[in-house]
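As given, the protein sequences belong to chains A and B, one line each in that order.
For the first sequence, my numbering begins at -18 and goes up steadily by one.
For the second sequence, my numbering begins at 110 and goes up steadily by one.
Quick caveat, the hints were computed from the structure, so don't treat them as lab data.
Among the hints, a few may not be true.
[Unchecked claim] Distance ranges between label pairs, derived from CB positions:
no.: 1; chain 1: A; residue 1: D28; chain 2: B; residue 2: Q136; range: 31 to 39 Å
no.: 2; chain 1: B; residue 1: L155; chain 2: A; residue 2: P85; range: 46 to 54 Å
no.: 3; chain 1: B; residue 1: T116; chain 2: A; residue 2: V40; range: 22 to 30 Å
no.: 4; chain 1: A; residue 1: R114; chain 2: B; residue 2: V135; range: 50 to 58 Å
no.: 5; chain 1: A; residue 1: T295; chain 2: B; residue 2: K152; range: 32 to 40 Å
Note that this is a predicted model, so its numbers are computed, not measured.
Note that beta-carbon positions come from the ideal geometry of N, C-alpha and C, so glycine has one too.
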Amino acid sequence: MCSVNDAGDIEDLNNTGLLSNFKYKVLAEKCNKCKDEKPCVILRKKDAYCKSCFLTSTVHKFKALLGKHKLIKDGDKVLVYYHGGHSGTALLHFLRTNLDLNSPKKLRFIPVCLFIEKHYFLSREERIDNLRRIFNYMRTFDIPIYFTSLTDYCKNGFSENTLLTKNFEELELDNKEGEFMKDLFEKSESLANDVQTINIRKLLISCAKKLKCKFIFTPELATDIASQLLVNTALGRGSHIPLDTGFCDTRNEHVTILRPLRVFDIKELALYNHFCNLDAIMLQTDLPKSQKSIQNLIENFVIDLQTNFPATVTTVLKTGDKLSMKKNKNENRICYICQSPIEVACQQLTTDEAIKYSHQISTQPELVGGDILKDNFGTVIDTKTCFSCSRIEQFLISTSTEKV
Amino acid sequence: MDDLSVTLQFSGGAELLFDNKKLHVVQLKSKEWTIADLLIWIKENLLKERPELFLQDKSVRPGILVLVNDVDWELLNTVNYKIQPNDRIVFISTLHGG
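When you get a sec, could you build the whole thing from the sequences and use the hints?
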């Protein structure tokens, strides 16, 4: 028997996915690791750990991922993108405790935090309150924090005058600046989300350059990475998957973006914070997650699937890790919007070309035939954007012309 | 049989649904209580707004973690766990982000 629930999904009434319905054949008696203590955490619905083994393995996982890549040298400055939540707090705590170690395993780089103000949909008072809470919170970790505004960047670009300040009170929080973003989101949420992701990435890189940081840590979790991977596929950014979801993003020659939390799920970090007596800052995200954008739909899909099938995220992630970018001989051709390499025409037709071809033959009926096809795609070489960004370009142009 | 005294703690944004108060010490009438019963009691007595953000079906909403005396409730048979006197039950929301 089936019914449609509130979210619009069809569900089987005989299998409502209640946690209590799961039959635990054997409840773990001992910790999986030390085989001694009583377990207090169960991860991935099967691995039980005691408190101390859980905390040790969580920290180890973080350091192992950083250590494996050996990218950061002693004394390098690292920009840590903080946006609140359990993940942000856990990341700060990992850094603080490992910088303070007295053993040879201590971390030796210099972290600097950045908070990007983008809550234009909240009232001025709420925004100032958020900033003040973050400012005070950072003192407990003793890591310097800078503030900058996304709306300012989207409107004016990054220049010498862009505000990047330690004093949050200097930020201009005029609700009018958000109008531009609101317009974008009203027109197409999927494209607006994509534009926002690209803008945040560019803003992070610009700030890192200004603060002389060689690396950026972003706090995406495994679920975010898995959703991003599927989003990329859906938006025609399949060829950028290694850059957008891998451990490091090397698109910029001066600044490398690293994703040190990509192996964690939210449960691990929320429990880590709980056991370390850390209280995370939860910022009001007043925008209800709508069903209108590809990004939100995919995220819900991944989270729902993960609830009942705990291997979902790892499977997507591991599959994604096997994808690599085609060696591009002509590496000078970079999309001016997202800075990814633009695909070069090759022997086999790509989906991009197939779409253009069907567009052409359906709009200009006289152009039919393989030869014309080849000729027309000779012009592709001149494009300045990748396939996905060409759509963003049209979208941005149409939004700005409408305003005029 | 005495009343059952239990400490309830809400964090990670879950406290927003409970008047922004993180700690609640409550006395439950003497009888056998499971977490399923407690959730109904919370809904009727403590929950201030939007119960759908906390409860779903007869359990908590996926994304809310529950710990009983710092032990994951998935190790304790979830909603069927029988509450003991002076238990500390923590609800951590992972739904509120940054």
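Give me the numbers of the hints this structure contradicts, sorted from smallest to largest. 4
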